[in-house]
Structure formats: structure tokens, C-alpha cells
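Could you slot chain B onto chain A? The hints should help.
There are 2 protein chains.
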Amino acid sequence: MLLSLTRYSIKPVIYTHRSGRKIKEKIARMLEKKKLLGDEGQGKFVLKCPKGTRDYGPKAMAIREKVLGVVTESFKRHGAETIDTPVFELRDVLMGKYGEEGGKLIFDLADQGGELLSLRYDLTVPFARYLAMNKVTNIKRYHIAKVYRRDQPVMTRGRYREFFQCDFDIAGQYDAMVPEAECLRVIDEVMSALELGDFQIKLNHRLMLEGMFSVSGVSDLEFKTVCSSIDKLDKVSWDEVRTELVNEKHINEIVVDKLEKFVRMREQNSSLSNSQLLDRFEKDNETGTHSSVKKAIADIRLLLDYCELYDVAKRIIFEPALARGLDYYTGTIFETVVKEFSTGYRDGDGTNDEVDENSTNVGSVAAGGRYDNLVGMFSQKKQSVPCVGVSFGIERLFSIMEMKAELEKSAVRTTETEVFVASAQKNLLRERMKLCKLLWENNIKAEMAYKANPKMLTQLQYCEERLIPLVAIVGERELQEGIVKIRNVEDRQEQDIPLSRLVEEIHARLAKISRS
Amino acid sequence: MLLSLTRYSIKPVIYTHRSGRKIKEKIARMLEKKKLLGDEGQGKFVLKCPKGTRDYGPKAMAIREKVLGVVTESFKRHGAETIDTPVFELRDVLMGKYGEEGGKLIFDLADQGGELLSLRYDLTVPFARYLAMNKVTNIKRYHIAKVYRRDQPVMTRGRYREFFQCDFDIAGQYDAMVPEAECLRVIDEVMSALELGDFQIKLNHRLMLEGMFSVSGVSDLEFKTVCSSIDKLDKVSWDEVRTELVNEKHINEIVVDKLEKFVRMREQNSSLSNSQLLDRFEKDNETGTHSSVKKAIADIRLLLDYCELYDVAKRIIFEPALARGLDYYTGTIFETVVKEFSTGYRDGDGTNDEVDENSTNVGSVAAGGRYDNLVGMFSQKKQSVPCVGVSFGIERLFSIMEMKAELEKSAVRTTETEVFVASAQKNLLRERMKLCKLLWENNIKAEMAYKANPKMLTQLQYCEERLIPLVAIVGERELQEGIVKIRNVEDRQEQDIPLSRLVEEIHARLAKISRS
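Quick mapping for you: the protein sequence lines, in order, are chains A and B.
Numbering-wise, the numbering used here puts 136 at position 136 of the first sequence, and it's gapless, one number per residue.
Numbering-wise, the numbering used here puts 227 at position 227 of the second sequence, and it's gapless, one number per residue.
Simulated from the structure, these hints should not be mistaken for lab results.
Check each hint, because a few of them may be wrong.
The list cannot tell twin chains apart, which means a pair is met if one copy fits it or any two copies do.
[As the list claims (entries may be wrong)] Under the rule of at most 27 Å between Cα atoms (straight-line distance), these lysine-lysine pairs were calculated in the BS3-like manner: (1) K295 with K261; (2) K445 with K66; (3) K512 with K76; (4) K51 with K104; (5) K48 with K104; (6) K76 with K437; (7) K295 with K434; (8) K261 with K104; (9) K66 with K76.
Extracted from the complex, chain A is given alone in its bound form (with noise of 0.2 Å):
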């Protein structure tokens, strides 16, 4: 750990304007480390993984895949389709889309001939490339791949510099709100099935947002800065973004405390139905008669009845200060938290806090939203492709099935063998080899002791411990004899087979173990 920090850059770009004293502390701190280390720690090799990457070993791998089964599996039951687009793009592809935070954030390769290239920052930037690119105007993909992000890391809450993003998103010039619909059920179905506890979906419209803003005395320079400060508001007291949009972005303060009213909305009204919250907005003098506000209650309305229908409303809370960093979206903007993880913590895309790197808080898990003009973008003839869609944080869900498999001790197999083949005596080891081809021939997993001559008690162990379930064991008696000796691991029954029956003898054990 120390040994890193000799290597770690002083500049501190990846830290956020709003908290300057403390970055001064910590560089501070860290210059006085490495003085510590001295010429001992420069230039010597460190054997690790790149800051805020991870290896996964065959039980994490055994993990990883249950989860992706599980978000795959609720995907193609919606009938998506599945691409893949290459790990970076040309830099131009990613400049200007991820918000006032996400640029800074962004890998990019060296510069050794030819094209700028970046690595992808999200999977949705990507999606929109190839729409344009392939002229594709309708399709319900989704996406399972590594993103990369320049991020202050806080492994302990899953959060790294290269994860997983599972996206789903639906293309297509469609009737309001269905697709949107479909995207809520898709997150309640995988969170459901995961079984991570209770969980709510925070929706708000970036209409609404335009709208608040606007009556209250927002111009549409400070938009973006504005809700990258609102955007806070699930972490920290309205004092302090107050503080923040006052003293450090210069916002009137009349207009600031115009504002509060409408964006702690659905703070001080806990109790309100979201039909309640969006009639106050309705009965608003001025944002009640604002268009914007206006689109995005209906908006909003329409998609609450189709939750009803899809079973996901009880799940919804409409929240008028969710603001997401991301410079593309266009309408709908919504975002899971887990609620026994969710305390005091958010991390939207993009952004960048500093937080308690002790806690084991996971924060949001999926977000997303509708995003109409992004494709338009890419297009030489600016046609635009409407699109909606949502990502999930994978990487989170992994922390939370890593300490769950660890609290309950769990036994992970992290392979499919299905037979041992063990000798009895020595030098057996070619009649193990004959054995195993056999058994590969007939399509069953297989494996041996590499070493020529093995002691039983090691095969029988490692079979125990890896859970395998049955071990065929040659022996020179049975040689002579024509048969091998079938052992079930759990019971520790044997029994003789002849050699000509072991192939189906083994096929029907397994079917009796796999029904069991």
C-alpha cells in the first residue's frame, strides 16, 4: 500500500472543485509519505493490479457469472438482442457528453500514431456510435461490458477504475412512456431476483428540472452547473449546497431560495404519494402553468399508470431533486438505491465525492433514463434516434454477493467436474489417461491427478473439497477384472462397474444427482 503511493501523481485532477481545503490536506499528507519511503520506494517493482482494478479468482468468477446469469436471463426475457463495441473509441466519439464532472475522468491511450483513442467511459455512448453508424433507428438491445473511469476509487463499496456496466436500453420512435415502462420492469425483475432486499426506484423528468429552474430565475448558462450542485442533495444538507450555489457558483441568492422550495419538495412532503407531490407542482402557480413542467407531469403520470399495470409502482418515488450529471439525457431520468446500503450515500454517474472509504455502502446499483438527442449527435443528416435505457452497476452488486457468500460461508464450486479419475495403486497413470478420454469422448467433465503416481487419501480429499461427486477409480485387480469402482463422494458408497456399463452408468448417477 505504501509502496503505491510512490508511483501516485500529486496533480489532483480526479478530485471535484467543491472540496479544495481537503485535497490540500490529503496531497499534503501524501508528499510527507513519500518523503518517508525515501529513494528506497522509486523505481522499485510493485507486483499489483493497476490502481482501482481487480483480478477475479474462480470464486469471485463463480459469483460474477451467477449475477450476469441472473441480469442476462431478465434481458432476454424481454427479448432483447446483444452487441459488443470495441473497448475504446476514437476520442472525438466521447468528448462533450458525460457532464461537467465525467470529461476529467475519461482514459485515454498514448498518442503513438494514428487515431486519439479513449477507453469507453459508458456503454451508452457506444450504443448511440453504432446506431448512427449502422443507421439503425429501431432495436432493444443490451450490453454487458467494462467501462472505465479515471475515479477516485473506494473498492470497499465495489467502487473501481474498471467495472461492469449491464445495459438495456430500447431505440425507436415509440409511443410515450411504454418503452420507459419496460426499462422500470427490467430493473425491478433483476433487483428482485438478486435478492439484494428492498430497493427504490427515484424518478424525476429533466423537464421538471428545466422548469423549476427556469421559474425560479435559473439561466439556461447555469443549468448544468446547478444540477450538478441539486444533484447532491441526497448526500448533504440543502445548507451546504445552498452554500455551494451562493458562495462558489454565484447564483442569486433569491433565485437559490426560490428554488429550495421546489427541489426539497418531496423532502418535506416524505409522506406524500408521488400523485400528491406532482399535483402540488400542478397547483403551483408558476410552475403549474410552465409548459415544461406541464410535459413532465404528464410524462411522469403516464408512466406512474403503466407501472401499475407492469406492478412496479409501489417501487417508484417521484423525486423532483434527482438531477444525474450526464450531459445526455432528455426526458425521463430515474435511479435504483438499495435501501439497507443507501444511507447517507450516493454516487451517480459521473460524479466524484469524497466519502468514508470504511463503509461498506453501495449506493445506486441502476440508473438511467430517455436520451433523444444522442444519436442525432453521430449523424451526418442530425436524424435522431429517441432512446431509453437503463445500466446497471454490477460491480456493487458483486461486493454485496461477495460479503453475503462470505457471512453465510457458502461453498462456491468454481468447476463442473463431474468425475475424478483416481488410481488405487502406482503406475496406473496411462490407464487413468485411457479412462479420462473415455469419458471426455461421452461428453463427461473429467479430471485427474497430473502426477504419475498420486496417493488415494490426496484424490479423495481433493474431491471432498471441490465438491465433486463421483470418482472412478482403476486399480489393478480391477483391470484384470474389466471393471472400475464407481465411488459416490457425498455417501462414500463404491460399487464395481464393468467397463463396457461405466459410461451409462455414470450418465444415469448424474442425471439422479442433478435431480436431486
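Just chain B, lined up with the frame of chain A:
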């Protein structure tokens, strides 16, 4: 195509030294094209994937998943676990592992402060780093992931800058040639299952090369560079290799002429069996008494014996001229060539040759060998972990499979949708949504049109194009009577089913369809 040239670097870093004249000609041609484009091309945004990369659309993905499924199945059949590592590594981890040519082809990340990183060039070096870091001394693992090489892409032949490798490796201190035999068996299983036609596995041994070189008078310092020339013998004539060795690499003519006898032994004795060819080396006064050659011959004979047991001996051809480009091999080396596609060209790891872009030749599709010292290079105590493994170059298989699918005009399903929910009249959107929800709840893969009032014909055509087996039709009459009409897409038969029995009926029909 022309436009994309405007961003092309003219620095010929990606060409090998041996084709200096060709490079100059190419540059001249490119500069001319650039001039023709004039200022128009400058700074224009071109919508494309980065050079040497591709998107996978839904059909390509369906094929890719099929190929990867076959490979994974074989790996699991042999009891392998899986791991994953980050897409980039500390640059120091990759340096000095990939031979004369490979090192130039590594993709570096930009220095944005912090660690110096590079994209992984293969999966073997990250695997060795993983073993050393986690002090794993024995494991059988597979790893399927993308790797990156700044190579000259030949897309028609499946040579990309971003491509999949599927690696199967056995790490551990085991008895000689037992893990090797299993690797060759895995190659045979995968290649056979993919039905790519006849193939051969060329086999050699690093000690065989060392011995042949040593008795010919090649110095240790010249070993790598002579290897890199010899490795070209399957695509260029001996005269060309000789010229390169003598004129470009300044190897003594007497040495080169002596070497010729050994490295052309297979070429000049193509009818000899592997054992007979080994006899020649044994009977030769010089190689027959050289300790390295004797060790290599003993290893190869034992491996051929095990290959008989595993029924892969028929695929193996001992080729003393096989000299793969990677630094890290220490023992057996092997390379698989699909006969139908192998004429006149082979693409070894890390080599980088001028080739005819119109050919559909895909060359080597699986290669590997033993690397006993690589893990030790990462270990502080230099603890070595012997390893052997094989890597499948799956992109080339994708190319072949895509060509085959194209030729056979076979329909490729890109979704798994089981039921399409259609409406017979207008204003039934909400009813369709309710029905979809019922199906999803019962784990039936279902979709519907997102338009409020889709046409019946459009809905049915969609099902036929997409090969969706069943349609559930809601209509006003059906609603009144509490029924849903089920249509079999294949035979267009329709039947009314009470809503209460719908799920059961669909499950029954799907089971019947999956059996047929």
C-alpha cells in the same frame, strides 16, 4: 475508406524491418492520397470504429456466443476454473515478454498522472502475474477475454487490433508431458466441435531449437533473431530466409548452411512419421549427442505416446522449424493450422507480416507451449511455477463461421423471445401490457410492439422474420370472453385458450417445440 486515411499516421512503426522498400512505397502512395483529399479531409469527424477494431451486431454476437460456448464447454469438460484480470496492466509487467517484434505492438495508456499502464497483449503474462501475486502454485484455469496489439490489421482474415483469446493453462509441478497431452487433447476437442475441416498441430521444443542452433554454430546472443527468421519458413522459401540471415542479420554463411539441414528436415522428408524424423536427429552425429536435443527428443517421444492414448496423435506433426516468437517458452511449443485455410500464410504470435489483404486465409488458430520461468520473473523470491497452455485465436474462427453462415444463408436467431403479444384492434395497449406482465412473471420470454396501435400484419411479419414460435393475440371479443388466441407461427394454426389456462398452455407448447 479514403476519409479514414486522413488521420493515419505516416510513421511506419508497425512494419517489420524486413520490408523496408515496401513501406516506403506504401507511404508514398498514402501521402498522395492524402494530398488528393486536400484540406477537406483535415479535422473532419469520421464516424467509425478505431482502426483494426469492429462492432459485433446481433447476428455476429449470436455466432460469437456459439463459438465461445463450444470453447468454454471443452474447457469445463477438463475441469478448469476461470479467472479474469484487468484489461490493462502496469507497463513494467508487460515489458520484455514478447520477443523482438511483440514489444513494439503494445498499446500504451496516456500518462495522465499516476501509474504507467498498457493494454494487455495476451492472457499469459497477466496469468503469470496473477499466480505470482497470489502465490498460487497449481491451478488449471481458462480465461476468455480481449487482448490488444497495435498490429497491421487484416480484417478479412480476422486479424484485428482488439481480439479475443481463449486460454487454457495448467500450472503446477507435475510429471513430464501429462499436462501437455491434455492441452493437445483440448485443441482436438475444440477444433473438432467447431467443424472447421481438417487441421494439424505442429509440434516442436525449445531445446530442439537450442540444440540445432548450437551444433550449427549460432551463438546464444543470436538465438532470438535467428528464431524469428526460421519461424517464417512456412510462408517464405528457404532462399529468402537464408538471405535475411546472411545479409540482414549477418549470420556466418557456414553456420546458416549447416542450420539448413536441420530446420528443413521436415520439409524435405514430409512422408516420414514423427518417430522416423526423430530417429534422424538421434542418428545424426552432432544433434544425436547434444544434451538439449536428447532431452527434447525424449520429451517429444513421451508426449507422442500420451497423444496416442488421448487419440490425438494423428493430428500431430513434429516440425523442427516451428519457432514461435514469444520469449517466454521453455519447453514444448505447438501451433494449430486449419488445412483448408493455411496455404502460404501463417500468423504466429507477435509476428507482423505484409500479406495479401484479399485472401480469406486465417492461418494459425490455436497455439501455445510450456513456459516454466515466466511466473518466477514476477516472484520476489523467484519461485518458479511450471506452466503449459494453449491459446485459441477465436477471431479467426468467427471469420470462418461468419463466412459459413453467409454461404449457407442460415437464419440466425438473435433473441430468445418465445411469445409475441399482439393486438387485433386499436386501443388495446394496456391489455397487451397486462398480458406481457403475466408472461414475464411466469418466466416466459415475451415482447410486444411499443406502438399504441400496431397493425396486425406488421406484428405477424415481425414474428415470422424473428422466428418467434408463438403469438398471443388479444382482441375485444377475446377480452369479453376471457380468452386469448394462441397462434403457432410455423403452421399459422390458431386456438382460443381461457386466460386462466394460458400460462400452462404456453409452457406445454414451448416444451413440445423444444423437443421437436
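query = Checked against the structure, which of the hints given earlier come out wrong?
reply = Violated hint: only 8; rest satisfied.
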